[in-house]
Structures are given as structure tokens and as C-alpha cells.
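Residue strings, one per chain:
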Amino acid sequence: MIISKQKPLEELLDAIKNNNSFFLVGCSECASLCGTGDDAAIAEMKKRLEEKGKKVTGGFVAKTGCQVLGTKVELKKFKEAFDSAEALIIMSCGAGTQAAVEIFKDKPVYTANDTLFLGNMTRFRVFDERCSLCGECIINKTGGICPVTNCPKGLLNGPCGGMNNGKCEVDREKDCVWVRIYNRLNDLHRLDQMEEIAEPKDYGKHTKPSALTGKKD
Amino acid sequence: MRKFREALEAGEFLVTAECGPPKGTDLKEMLKHAKELFGKVHALNATDNQSSVMRVSSLAICKLLLDMGHDPIFQLTCRDRNRLALQSDILGAHVLGIRNVLCLTGDYVTAGDHKGAKPVFDIESAQLLQVVNSLNNGKDMAGNELKGSTDMFPGATVTPEAKPIEPQLMKFRKKVKAGARFFQTQAIYDVENFKGFMKEARKYNVKILAGIVVLKSAGMATFINNNVPGITVPQNLIDELKAAGKEKALSAGLDIAARTIRAVRDICDGAHIMAIGMEDKVPEILKRAGI
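Going down the list, the protein sequences come from chains Z and P.
Under my numbering, the first residue of the first sequence carries the number 292, and numbering increases by one thereafter.
Under my numbering, the first residue of the second sequence carries the number 116, and numbering increases by one thereafter.
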């Protein structure tokens with residue numbers, strides 16, 4: 292899922308300082324799991340904005356905020372509330388915010404969140420990053436553990452010289468991913484996979500902005 | 116000046132030292148140290164934004180060392196350059212007359228003084244060695260023909276004191292396979308451990324220069340342990356520096372360096388002295404080591 296974190300209120304207030312009334316949109320998917328775009332987060336945001344003298348004309352949790360057409364349909368029943376707002380505050384990820392930008396062509400749209408990474412949830416609202424969406428997955432050769440993401444340098448050919456007592460040079464609290472990969476391949480009797488020199492990645496496969504048409508004819 | 120490669124191929128015990136480019140354009144001190152080492156080392160490494168601290172470019176320093184009559188080793192990290200910049204700097208080094216290149220991944224940017232910099236790591240050390248060999252054979256990374264190939268002598272690093280050692284040895288074998296001809300190791304403090312590493316290294320046709328990081332005080336050793344990736348000074352050496360007292364700590368540090376060189380002299384192919392700010396002490400270390 293996409294991990295998001297609410298911006299500090301002061302930063303949001305500065306961004307919205309030219310508007311006085313808002314309609315709030317959350318998202319029932321990732322942002323709800325992160326607690327940044329569920330009903331409770333919207334209610335809390337409404338309260339905090341009102342304390343600062345702003346007006347909130349309404350709000351709702353979109354089913355999938357990044358789904359442009361679906362969100363547009365869901366919004367229909369809130370027409371009066373959003374029409375009476377000067378601007379929108381989106382409480383989901385950057386993709387959800389930009390879906391709203393596409394829908395609300397004549398109103399300012401602000402995001403309440405910083406979008407952080409594609410994450411795994413390990414405990415309630417505890418997330419870590421295991422995939423960087425690089426477009427060329429190599430984990431079939433690395434015991435199913437991604438070094439592109441789990442190594443700060445994204446090394447493809449083993450640990451760097453900074454690995455110490457199995458820990459990462461950059462964060463001494465974290466295990467070096469290449470030691471984890473080594474141990475896993477050792478357990479699976481596939482250490483031979485670590486002897487091959489991995490080719491440089493083809494960054495041409497992930498030229499921003501990406502697009503994909505997955506529709507079958 | 117091809118002293119390094121010639122001596123290496125002749126099987127001499129090699130001595131190299133590190134030359135840290137300054138932060139700023141005042142080169143007086145660095146050039147003075149380089150001059151003092153003239154005739155005492157086979158080659159001088161110019162470090163590349165060492166510990167991710169921004170300094171004069173290693174390529175520029177290599178050219179100055181070459182003009183002085185030294186045989187420079189161009190340290191090249193993947194941290195600050197993508198594949199275009201790496202290749203163009205290797206071609207640049209060749210046309211300036213530089214012939215040795217040490218292929219490094221590089222410390223992470225947060226180790227240094229520009230913590231917000233974008234880390235590049237487009238390719239990494241083992242792949243960079245392959246690139247050098249490709250350029251030597253007249254082709255760039257994309258397979259395009261070069262108009263004039265390079266003649267660079269590629270080296271790499273290895274950390275014999277890494278724990279666990281197995282993943283590090285796998286990487287070492289990859290670097291050998293990728294074409295490394297010599298290795299300048301990370302700091303060696305445990306000679307017994309180094310003997311074990313050399314047993315593995317001797318299976319391959321590469322030369323190994325033991326890395327000697329000079330210690331000047333117990334405080335410096337502790338600082339290294341906390342801040343310098345890849346180096347761990349053992350407690351017994353920290354105790355030895357402490358016991359020497361403030362005034363004699365530096366001399367004790369030089370003794371430790373000289374003692375290590377003597378101990379590794381018969382088991383590897385050379386010593387690479389990283390004096391980190393004490394470059395002026397390198398001749399004294401060599402004297403005490405009997406070289």
C-alpha cells in the first residue's frame with residue numbers, strides 16, 4: 292500500500308491561507324490504513340481547521356481516491372457541499388490528490404499529507420518499505436528479498452565495505468540486506484546465484500511518468 | 116611514470132599511500148606531503164570526496180601528482196556520477212596520462228557534509244570494473260566503438276575484517292571476475308584474520324595491498340569506530356594508545372602501523388597507507404617498518 296503521513300498543521304495552514312472554506316476528501320484504501328484519510332482523520336481535520344477559523348462545508352471518504360471516474364461518481368451526492376467550498380483538501384496520497392485536481396478543474400486542491408513509500412504493514416500502523424517500483428524486478432535472483440529497496444545504495448552485487456557485524460553502514464540498527472540475502476540463499480542451497488555478476492539496471496525501463504494500458508482487447 | 120604497474124608485475128613489495136585532496140583550493144600542504152613521499156611510494160591514491168565530504172576532484176589531483184612525477188591511482192566512486200560521467204572521467208583520466216583507477220562504490224552521502232545530496236549509485240564497484248575493462252577493449256558500456264581505447268590498470272577494495280566474511284568474499288570473487296588486477300584493502304588490524312583472508316585471495320591472480328590506517332590517539336580510534344564506515348579498531352589497540360599517554364600516543368600509533376606492515380610483509384603483496392591527515396608521518400612509518 293501507499294504510505295502517507297499527515298503534514299504538520301502549520302505547513303498545511305500556510306498552503307491554504309488564501310482560502311476560507313473547504314471540502315475534505317479521504318480514501319478508504321491506503322490512507323485509511325495509515326490513519327491519514329479515514330473518517331476519524333477527517334473529523335479531526337475538520338475540528339482543527341474550525342479552531343483556526345476555517346469553515347468546513349463537508350467531507351467524505353472516497354472508496355479509492357486514485358480512481359478518477361469512480362471518485363467522480365461518488366462525489367455527485369456531495370455536490371452542494373463541495374460547490375459551497377472555496378477549495379478542497381485531499382487526505383490521501385499524491386495520486387489521490389491529483390485525481391481530485393483532474394475532477395475539480397475550477398477549484399484549488401490541497402493535499403493534507405506527505406506521500407512516503409510503497410509499504411508493508413507489519414503491525415497496526417507500522418510500515419516498512421520493501422519494493423521501490425523500479426520496473427524491473429530482480430528478486431527471483433536474490434532469494435525474494437529486494438536489494439534495490441533494502442540497500443540504501445541499491446547494490447546488486449553484494450554488501451559494500453561499510454557492512455559491520457551484519458549491520459548496514461547507513462543505519463546501524465538495520466541488518467545489511469546482503470547478509471539477509473546471503474543467509475536466505477544459503478538456507479535454500481542457492482548460493483550459486485550470488486556468484487553471478489548482476490548487470491547494471493536499465494533505468495530506461497522506468498522513465499517518469501510511467502503509464503500502462505492493461506485492458507485486453 | 117608507470118612505477119606501480121611495473122613494480123606489481125615484477126613482484127616487488129608495493130607501497131602506496133593516500134593523498135587526501137583538500138577542501139578548498141589551497142594545495143600547499145597536500146603538495147608538500149606528496150613531495151616528501153617522492154621516491155618512497157610506488158603510487159599515490161587521490162581520494163574521491165572521501166567519506167562523502169566535498170573536496171577538490173580526485174581527477175584534478177591525479178593530474179597534479181602525475182606532473183610531480185608520481186604515479187597516481189585515480190579513486191573513482193559511483194556515488195556522485197552516473198554511467199556517462201564515470202566513463203567520461205575514465206576517458207579523461209587516460210587522456211591526461213593517468214593509468215591506474217581504483218573502482219569504488221563510495222560511502223553513502225549521509226556520512227559526509229552534504230547530507231541532502233542525491234545519491235547516484237547508477238552502477239557499483241564490480242560493474243565499474245567491467246566498464247574499465249570494456250573501455251580498455253575499445254567499447255563503452257552501451258557497446259559503442261571508441262575512437263581510441265583506454266589503457267587503465269583497474270583495482271578495487273575488499274574488507275578482510277568484515278563480519279560475517281562470506282558475503283564479502285563473494286563480492287571479492289565477483290570483483291576478480293570483473294577484472295580487478297589489484298586490491299587495496301580496508302584497514303587491517305588483525306593480522307591472524309588477514310592470514311586467513313590471504314589464503315582465499317591467493318587462489319586468484321590478483322595482488323593484495325594491506326590497508327594501514329594510521330592512528331594518532333585513542334580518541335581518534337573511537338571516532339573512526341563511530342563514524343568511518345568499514346573500519347573497526349580493536350579494543351587492545353585503543354588500550355595501547357591510551358596507555359602510551361597523550362604525548363606518546365602518536366608515536367605508539369606509528370609503531371602499530373609499522374608493526375602491521377612488518378607482519379604482513381611476507382604474506383601479501385604490499386601496503387597501502389591511509390594516513391588521514393598525518394601524511395607527513397608516512398616516511399617515518401616506512402622507516403620504522405624497515406622499508
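These are computed hints drawn from the structure, not numbers from a lab.
Glycine residues also receive a C-beta, built at the ideal position from the N, C-alpha and C atoms.
Some hints could be false.
Partner residues aside, some chain P positions facing chain Z, computed with beta carbon under 8 Å [what the hints assert, rightly or not]: (1) Lys262; (2) Pro344; (3) Thr347.
In silico PhoX-like links for lysine-lysine, alpha-carbon gap of 25 Å or less [claimed, not checked]: (4) Z:Lys492 - P:Lys254; (5) Z:Lys296 - P:Lys230; (6) Z:Lys345 - Z:Lys396.
**Asked** Is it true that the CA of lysine 492 (chain Z) sits at most 25 Å from the CA of lysine 254 (chain P)?
**Response** 19 Å, holds
**Hint check, proline 344 (chain P) versus chain Z [nearest Cβ-Cβ separation less than 8 Å]** = 3 Å, holds
**Asked** Is the shortest C-beta separation between lysine 262 (chain P) and chain Z less than 8 Å?
**Response** Violated. Min distance 23 Å.
**Prompt:** Under the criterion of a CB-CB separation shorter than 8 Å, is threonine 347 (chain P) in contact with chain Z as hinted?
**Reply:** Where the cut-off is 8 Å and the nearest Cβ of chain Z is about 7 Å from threonine 347 (chain P), the hint holds.
**Request:** Could you grab the alpha-carbon distance between lysine 296 (chain Z) and lysine 230 (chain P) and see if it respects the 25 Å cut-off?
**Result:** Since the Cα atoms of lysine 296 (chain Z) and lysine 230 (chain P) sit roughly 22 Å apart, the hinted pair holds (cutoff 25 Å).
**Message:** What's the verdict on lysine 345 (chain Z) and lysine 396 (chain Z), does the C-alpha distance respect the 25 Å limit or exceed it?
**Reply:** 22 Å, holds
Violated hint for the displayed structure: number 1, the only one.
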